[in-house]
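Could you put together the complete structure from these sequences and hints?
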Amino acid sequence: MDLKLSSVSHYYGDTQVLRDITLDIPSGQIVCIVGPSGCGKSTLLRMLGGLERPSEGRVLQMGDAPEGCLNPLTYIFQDFALLPWRTVRGNVALVLEDHGLGKAQREAIIADVLARTKLTDFADALPKQLSGGMKQRVAIARALAVNPAVMLMDEPLSALDSQTRELLMDDLVALWTRQPFTAVYVTHNLAEAVRLGHKIVVLSRRPGELREVVELDMPLAERRHGDPVLEAQQQHLWGLMRDEAAAADAELIDG
Amino acid sequence: MAEMTDANAREVTFRGGGFQPGTRRGVGLAVFVVLILLAEWGTRSGFISALTLPRPSDVLLTFQELYQSGMLFKHLGPSLTRLAVGALIGASLGIGIGVLIGLFSLARAGLVPLVAAIFPIPKIALLPLFVIWFGIDEASKYALIAFGTFTPTVVATYAAVDNVDRVLIRMGQSFGLGWWSIVSKIVVPGAMPGILSGLRISLTIAIILLVAAEMLGAEYGIGAYILQAGSLYDLERLFAGVVILSLLGVAVSSVVAFVERRVLNWRV
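As they're listed, the protein sequences go chains D and U.
Count the first sequence with my numbering and you get residues 14 to 268, in order.
Count the second sequence with my numbering and you get residues 2 to 269, in order.
Source of the hints: derived by calculation from the structure; they are not laboratory data.
Treat each hint with caution, since some may be false.
Stated by the list, open to error - To be clear about the criterion: a stretch of chain D counts as covered by chain U if any three or more of its residues have a C-beta under 8 Å from a C-beta of chain U, and this derived list gives those stretches:
id, segment
1, 75 to 88
2, 91 to 99
3, 141 to 148
Note that CB positions come from ideal geometry on N, CA and C, so glycine has one too.
In structure tokens, the structure reads:
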């Protein structure tokens with residue numbers, strides 16, 4: 014199942030946040046969206062998952078979701094969005110409860126995703142007992158549980174410290190290598206973008222327009238922290254973003 | 002810069018700490034004990050005249066008599082029933098309508114002014130009205146207590162619903178949860194801390210209204226007992242009644258605290 018944005022523009026009141034964005038999200042690939050703050054990248058992600066309507070243009074789903082897919086468009090949020098009153102298992106169970114699955118089937122899915130995210134030993138812990146990285150792994154497990162066609166990730170690693178971020182990036186790469194998934198990954202961190210993106214979309218500052226689409230052919234599993242090719246790509250991306258970021262930074266909010 | 006020697010070294014002044022009330026077991030009890038001992042000493046030494054304050058030991062004796070004669074439960078039984086039924090009706094209606102106000106713009110627009118209008122009415126002033134509506138029996142007392150519990154519960158509940166993290170609700174929607182699932186699994190548990198602290202206040206108000214209702218027309222009940230004692234200027238019995246009310250208040254507050262510990266163990 015592919016996703017397609019077709020000349021999407023968006024306004025908040027009189028302020029235009031997105032201008033004429035056309036973009037393909039092919040299945041089996043991770044598309045990273047980078048851009049300076051306030052360029053509308055999170056808005057774009059909310060539109061892709063149907064949490065917001067574009068003012069102009071259309072968001073299209075090409076083809077049907079694959080068999081066994083409980084929630085085709087599934088988010089991973091920056092601040093985890095775990096229910097603090099439910100255990101790890103309970104948080105994963107939450108998203109399975111409305112789908113008419115049998116108890117045994119639910120248990121099997123939960124056991125599988127917890128094992129894939131290395132959380133089996135923490136199934137009965139409450140979110141308050143977990144570190145930030147663990148919380149995000151629970152959120153990833155929850156997303157995997159509904160077997161999504163596209164994962165929509167809104168700065169999933171931004172609330173974490175840099176060591177945890179590296180570890181979780183490795184986890185994401187391992188998950189993708191085992192079973193390639195489609196993802197749209199919004200970030201302001203260029204290192205994450207070159208590590209995880211098959212396609213990196215650079216947006217300009219507000220109103221967000223497509224500046225450039227960079228394709229990276231190197232397989233995810235071969236990408237390493239500090240790889241010269243990736244470094245060069247990151248420099249190139251930073252060159253594109255630098256002036257935009259500076260200008261965006263100098264703007265008054267709602268100015 | 003000059004070389005620093007130990008001579009001109011000094012501790013950095015500590016200025017953190019505080020603002021972190023912890024638990025101190027037994028202090029609350031000690032305050033009670035000290036006050037009661039003071040009263041006992043004052044009444045025995047004549048420092049406090051018997052007309053000003055009854056002797057605590059006499060109150061205890063009266064209480065014992067009350068217990069032994071079986072009248073304690075004859076008064077306590079109806080009171081507790083009235084409190085339980087009235088508060089249950091009021092709190093459940095309050096939570097239900099509070100959630101509706103928290104979720105629906107129309108309910109909010111229509112009901113918030115109404116709640117604001119009935120909140121400041123001293124509910125006891127409406128007892129005659131309730132007697133006409135529901136009769137002189139138990140129903141009017143239930144109604145009075147329910148009405149008094151209802152308004153603070155509504156206000157606490159809709160404020161609590163407003164405070165539920167919207168990110169969690171968006172999360173529920175993004176996973177395709179149904180409306181009812183979102184309300185019952187995300188909104189209501191998320192509002193629970195606010196609802197419970199609201200209940201503390203509304204249940205205390207329920208006790209006040211219970212006594213008021215019983216003073217205005219009841220054969221048995223703690224309110225009736227206090228009223229009888231008061232009209233005879235029987236201060237020992239009056240205070241025995243008051244002690245029962247205080248204990249009732251402490252009991253209600255402990256029950257809420259117990260529920261909070263059980264239900265809100267997820268809080269950081």
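Tested hints:
Here the segment 75 to 88 of chain D counts 5 residues with a CB under 8 Å from a CB of chain U, which clears the bar of 3, and the coverage holds. Counting residues of the segment 91 to 99 of chain D whose CB lies closer than 8 Å to any CB of chain U gives 6, which reaches the minimum of 3, so the coverage claim holds. Only when three residues or more bring their CB closer than 8 Å to a CB of chain U does the claim for the segment 141 to 148 of chain D stand; here the count is 1, and the claim is violated.
The structure shown violates just one earlier hint, number 3.
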